[in-house]
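Using the sequences plus the hints, can you model the full thing?
Top to bottom, those sequences are chains B and U.
According to numbering that gives the first Met the number 0, the stretch in the first sequence is residues 0 to 559, in order.
According to numbering that gives the first Met the number 0, the stretch in the second sequence is residues 0 to 108, in order.
Keep in mind that the hints were calculated from the coordinates and are not lab data.
Treat the hints with care, since some could be wrong.
Once the Cα atoms are required to be at most 30 Å apart in a straight line, the calculated DSS-like pairs of lysine-lysine come out as [claimed, not checked]:
no.: 1; chain 1: B; residue 1: Lys-464; chain 2: U; residue 2: Lys-28
no.: 2; chain 1: B; residue 1: Lys-136; chain 2: B; residue 2: Lys-469
no.: 3; chain 1: B; residue 1: Lys-136; chain 2: B; residue 2: Lys-246
no.: 4; chain 1: B; residue 1: Lys-136; chain 2: U; residue 2: Lys-55
no.: 5; chain 1: B; residue 1: Lys-136; chain 2: B; residue 2: Lys-435
no.: 6; chain 1: B; residue 1: Lys-136; chain 2: B; residue 2: Lys-64
no.: 7; chain 1: B; residue 1: Lys-246; chain 2: U; residue 2: Lys-21
no.: 8; chain 1: B; residue 1: Lys-253; chain 2: B; residue 2: Lys-340
no.: 9; chain 1: B; residue 1: Lys-298; chain 2: B; residue 2: Lys-64
no.: 10; chain 1: B; residue 1: Lys-340; chain 2: B; residue 2: Lys-435
no.: 11; chain 1: B; residue 1: Lys-64; chain 2: B; residue 2: Lys-416
no.: 12; chain 1: B; residue 1: Lys-136; chain 2: B; residue 2: Lys-340
no.: 13; chain 1: U; residue 1: Lys-55; chain 2: B; residue 2: Lys-253
no.: 14; chain 1: B; residue 1: Lys-136; chain 2: B; residue 2: Lys-62
no.: 15; chain 1: B; residue 1: Lys-254; chain 2: U; residue 2: Lys-55
no.: 16; chain 1: B; residue 1: Lys-298; chain 2: U; residue 2: Lys-21
no.: 17; chain 1: B; residue 1: Lys-136; chain 2: U; residue 2: Lys-21
no.: 18; chain 1: B; residue 1: Lys-469; chain 2: B; residue 2: Lys-298
no.: 19; chain 1: B; residue 1: Lys-298; chain 2: B; residue 2: Lys-62
no.: 20; chain 1: B; residue 1: Lys-254; chain 2: B; residue 2: Lys-340
no.: 21; chain 1: U; residue 1: Lys-55; chain 2: B; residue 2: Lys-464
no.: 22; chain 1: B; residue 1: Lys-298; chain 2: B; residue 2: Lys-136
no.: 23; chain 1: B; residue 1: Lys-62; chain 2: B; residue 2: Lys-416
no.: 24; chain 1: U; residue 1: Lys-28; chain 2: B; residue 2: Lys-298
Nothing here was measured: the structure is a model prediction, and the numbers come from that model.
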Amino acid sequence: MNITKFALAAALAIGGTLVATAAYAAGADMGNAEKQATNWHAIVMFAIFVGGTLGITYWAARKNKTAADFYAAGGGITGFQNGLAIAGDYMSAASFLGISALVYGSGFDGLIFSVGWLVGWPIILFLIAERLRNLGKFTFADVASYRLAQGPVRIFAASGALIVVIFYLIGQMVGAGQLIKLLFGLDYLLAVIVVGALMMVYVTFGGMTATTWVQIIKACLLLGGATFIALGVLSHFGFSFEALFAKAIEVHPKKAAIMAPGSLVTNPVDAISLGLTLMFGTAGLPHILMRFFTVPNAKEARKSVFYATGFIGYFYILTFIIGFGAITLVATDPQYLDVAKGGLNLKGGGNMPAIWLAHAIGGNLFLGFISAVAFATILAVVSGLTLAGASAISHDLYANVFARGRTTEAGEVRVSKFASLGLGVIAVILGVIFEKQNVAFIVALTFSIAASATFPVLVMAMFSKSLTTKGAVIGGYIGLFGSVGCVILSKVVWVSSFGFAEPIFPFVYPTLFTMPAAFLCCWLFSIMDNSDQGNAERAQYDAMAIRSETGLGAEGAAAH
Amino acid sequence: MAESPKANIHAVAHEHIRNNPKFQELVSKRRAFAWLLSAVMLSIYFGFILLIAYGKTFLGQSLSGGVTTVGFPIGVGVILSAIVLTGIYVRRANTEFDELNRQILEEAR
Numbered sequence: 000m001n002i003t004k005f006a007l008a009a010a011l012a013i014g015g016t017l018v019a020t021a022a023y024a025a026g027a028d029m030g031n032a033e034k035q036a037t038n039w040h041a042i043v044m045f046a047i048f049v050g051g052t053l054g055i056t057y058w059a060a061r062k063n064k065t066a067a068d069f070y071a072a073g074g075g076i077t078g079f080q081n082g083l084a085i086a087g088d089y090m091s092a093a094s095f096l097g098i099s100a101l102v103y104g105s106g107f108d109g110l111i112f113s114v115g116w117l118v119g120w121p122i123i124l125f126l127i128a129e130r131l132r133n134l135g136k137f138t139f140a141d142v143a144s145y146r147l148a149q150g151p152v153r154i155f156a157a158s159g160a161l162i163v164v165i166f167y168l169i170g171q172m173v174g175a176g177q178l179i180k181l182l183f184g185l186d187y188l189l190a191v192i193v194v195g196a197l198m199m200v201y202v203t204f205g206g207m208t209a210t211t212w213v214q215i216i217k218a219c220l221l222l223g224g225a226t227f228i229a230l231g232v233l234s235h236f237g238f239s240f241e242a243l244f245a246k247a248i249e250v251h252p253k254k255a256a257i258m259a260p261g262s263l264v265t266n267p268v269d270a271i272s273l274g275l276t277l278m279f280g281t282a283g284l285p286h287i288l289m290r291f292f293t294v295p296n297a298k299e300a301r302k303s304v305f306y307a308t309g310f311i312g313y314f315y316i317l318t319f320i321i322g323f324g325a326i327t328l329v330a331t332d333p334q335y336l337d338v339a340k341g342g343l344n345l346k347g348g349g350n351m352p353a354i355w356l357a358h359a360i361g362g363n364l365f366l367g368f369i370s371a372v373a374f375a376t377i378l379a380v381v382s383g384l385t386l387a388g389a390s391a392i393s394h395d396l397y398a399n400v401f402a403r404g405r406t407t408e409a410g411e412v413r414v415s416k417f418a419s420l421g422l423g424v425i426a427v428i429l430g431v432i433f434e435k436q437n438v439a440f441i442v443a444l445t446f447s448i449a450a451s452a453t454f455p456v457l458v459m460a461m462f463s464k465s466l467t468t469k470g471a472v473i474g475g476y477i478g479l480f481g482s483v484g485c486v487i488l489s490k491v492v493w494v495s496s497f498g499f500a501e502p503i504f505p506f507v508y509p510t511l512f513t514m515p516a517a518f519l520c521c522w523l524f525s526i527m528d529n530s531d532q533g534n535a536e537r538a539q540y541d542a543m544a545i546r547s548e549t550g551l552g553a554e555g556a557a558a559h
Numbered sequence: 000m001a002e003s004p005k006a007n008i009h010a011v012a013h014e015h016i017r018n019n020p021k022f023q024e025l026v027s028k029r030r031a032f033a034w035l036l037s038a039v040m041l042s043i044y045f046g047f048i049l050l051i052a053y054g055k056t057f058l059g060q061s062l063s064g065g066v067t068t069v070g071f072p073i074g075v076g077v078i079l080s081a082i083v084l085t086g087i088y089v090r091r092a093n094t095e096f097d098e099l100n101r102q103i104l105e106e107a108r
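Here it is in structure tokens:
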């Protein structure tokens, strides 16, 4: 058991290696009729969710008039609502099914991923949230290129954003296809097309307003469902953690070892690199950064991080209880176990502990509810991703690079809508292509790019007076190509996908090397830059700092 | 991109803000506070990771004689510390710092 295996497990949760076909069909104990009934619960509840969210999209489409409405919901989202939406972006099917599955498999070690994903949020708040709100309009590239040359910086920012968005989309699409086979008993292809079509409708017609409300509704459903499961588990043990843990130790094959860290973290280089990746990767994901432009001011931006951190932290504590609940209530019940494989193996594969626990707690109806929520989660996350990708294309590449600002708002939004449609089609095609591919590298790839390319340039743009276009672009691309290259040469791609015997890059996450390299190069090539352009850019730092610190000039940014 | 007329209005305000000692006070206080809290968060998190790497027996020992180990309250504590630290920052930033900020903008009019 090493860190690679956990990276795989985490990626698996995003959708990678869910290989089980029609979960319920695999079970001899579950009759055919029962399978059908359960599936219909899930499908009907999912249909209700889709109906409700399409209603919201219709309402949002009538409200959407300006570019600010489309990209940033008119800046009219409150801190509390945005906090819920951020939590929704974050509480993906990966965290819900994946982390509870990690806990189910190895107990305490499951905490390490959830803690890493959470502690990025305080850092986002302390260092970038309010500056992002004060300087940006629609995309994080607005901030990175604020006093630098628009063309090169936006091309860099958009490339990073699009690579992250597209690979993240592949993971979500493959996950959706596998989940629908597992939970609804429907075809992979149908799931990929349904997800692709619905996300195009949400984003194209409803823009950020619809995307935000889809995310908020889903976050509430997921938090409510997870709370219900956790309460069910705890009430089973008289609300005594001691009794829950005692039972878990009794039935788990690893016995008392589940109560202490296992061998997940043994190599300190991998451990620190993993920590940096999870922490700062969060602070560089385009769909997360974009959420800060939906609130009216820095005050609400700060509040949204506080609420988001609270909801996400609470959710991770729930997934922990759910994982232990699955050990005690699912692993002990033969109807859920894959007898052929033995041990803790569940029918339907590694991601099923939370799903089967929902059945153990609330029966078929609740199983249907949780399945529908798990699928809705994917839908909400892909919508946020698509909008972020479409904005990178329309706002950064089209409006500010290709047309150099000589375009109308309406023209820009039209491009964004076509870009959403294009990304939807690409996502469906890639979802089909990657159905049987190993996509375990996606977590490492996307989070490493975010932490090693986007985050350093963003922080340098905000805090370093010496930064020039040359430094930002060279440093940024070094972080981008460095992290992509290292992930390709590491075990998850070089060995698992390409079939070579030994990885060339010996660690799983390159961030410990690529993030400092990006920072260093941003700084070094900036101070070596003595061009007139570089000096002019440095001269604008003070004016930018005033807006960044006080918000002067930012109040109306979202309104026109 | 009709930003130039506004830029002129802002230029006057910028000059005023730059020379306002309250602006320097805001920036230095807020930065010191933000970096301090960041350092606290990073220390807690990487301390936790290093404890997992090198202090497995410590984390695995019984908390109070039962099956619950020391690792659980510490792990949950890291999660709660993230929430508490964001709460502390938001509280001070949204009251003290925002009031100072409001005065700075007011005086620059």
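Hints versus structure:
{"no.": "1", "hint": "Lys-464(B) to Lys-28(U)", "verdict": "19 Å, holds"}
{"no.": "2", "hint": "Lys-136(B) to Lys-469(B)", "verdict": "23 Å, holds"}
{"no.": "3", "hint": "Lys-136(B) to Lys-246(B)", "verdict": "53 Å, violated"}
{"no.": "4", "hint": "Lys-136(B) to Lys-55(U)", "verdict": "47 Å, violated"}
{"no.": "5", "hint": "Lys-136(B) to Lys-435(B)", "verdict": "40 Å, violated"}
{"no.": "6", "hint": "Lys-136(B) to Lys-64(B)", "verdict": "16 Å, holds"}
{"no.": "7", "hint": "Lys-246(B) to Lys-21(U)", "verdict": "60 Å, violated"}
{"no.": "8", "hint": "Lys-253(B) to Lys-340(B)", "verdict": "17 Å, holds"}
{"no.": "9", "hint": "Lys-298(B) to Lys-64(B)", "verdict": "26 Å, holds"}
{"no.": "10", "hint": "Lys-340(B) to Lys-435(B)", "verdict": "22 Å, holds"}
{"no.": "11", "hint": "Lys-64(B) to Lys-416(B)", "verdict": "13 Å, holds"}
{"no.": "12", "hint": "Lys-136(B) to Lys-340(B)", "verdict": "53 Å, violated"}
{"no.": "13", "hint": "Lys-55(U) to Lys-253(B)", "verdict": "16 Å, holds"}
{"no.": "14", "hint": "Lys-136(B) to Lys-62(B)", "verdict": "19 Å, holds"}
{"no.": "15", "hint": "Lys-254(B) to Lys-55(U)", "verdict": "16 Å, holds"}
{"no.": "16", "hint": "Lys-298(B) to Lys-21(U)", "verdict": "19 Å, holds"}
{"no.": "17", "hint": "Lys-136(B) to Lys-21(U)", "verdict": "27 Å, holds"}
{"no.": "18", "hint": "Lys-469(B) to Lys-298(B)", "verdict": "33 Å, violated"}
{"no.": "19", "hint": "Lys-298(B) to Lys-62(B)", "verdict": "25 Å, holds"}
{"no.": "20", "hint": "Lys-254(B) to Lys-340(B)", "verdict": "19 Å, holds"}
{"no.": "21", "hint": "Lys-55(U) to Lys-464(B)", "verdict": "44 Å, violated"}
{"no.": "22", "hint": "Lys-298(B) to Lys-136(B)", "verdict": "16 Å, holds"}
{"no.": "23", "hint": "Lys-62(B) to Lys-416(B)", "verdict": "16 Å, holds"}
{"no.": "24", "hint": "Lys-28(U) to Lys-298(B)", "verdict": "17 Å, holds"}
Hints 3, 4, 5, 7, 12, 18, 21 from the list above are not met by this structure, while the remaining hints are.
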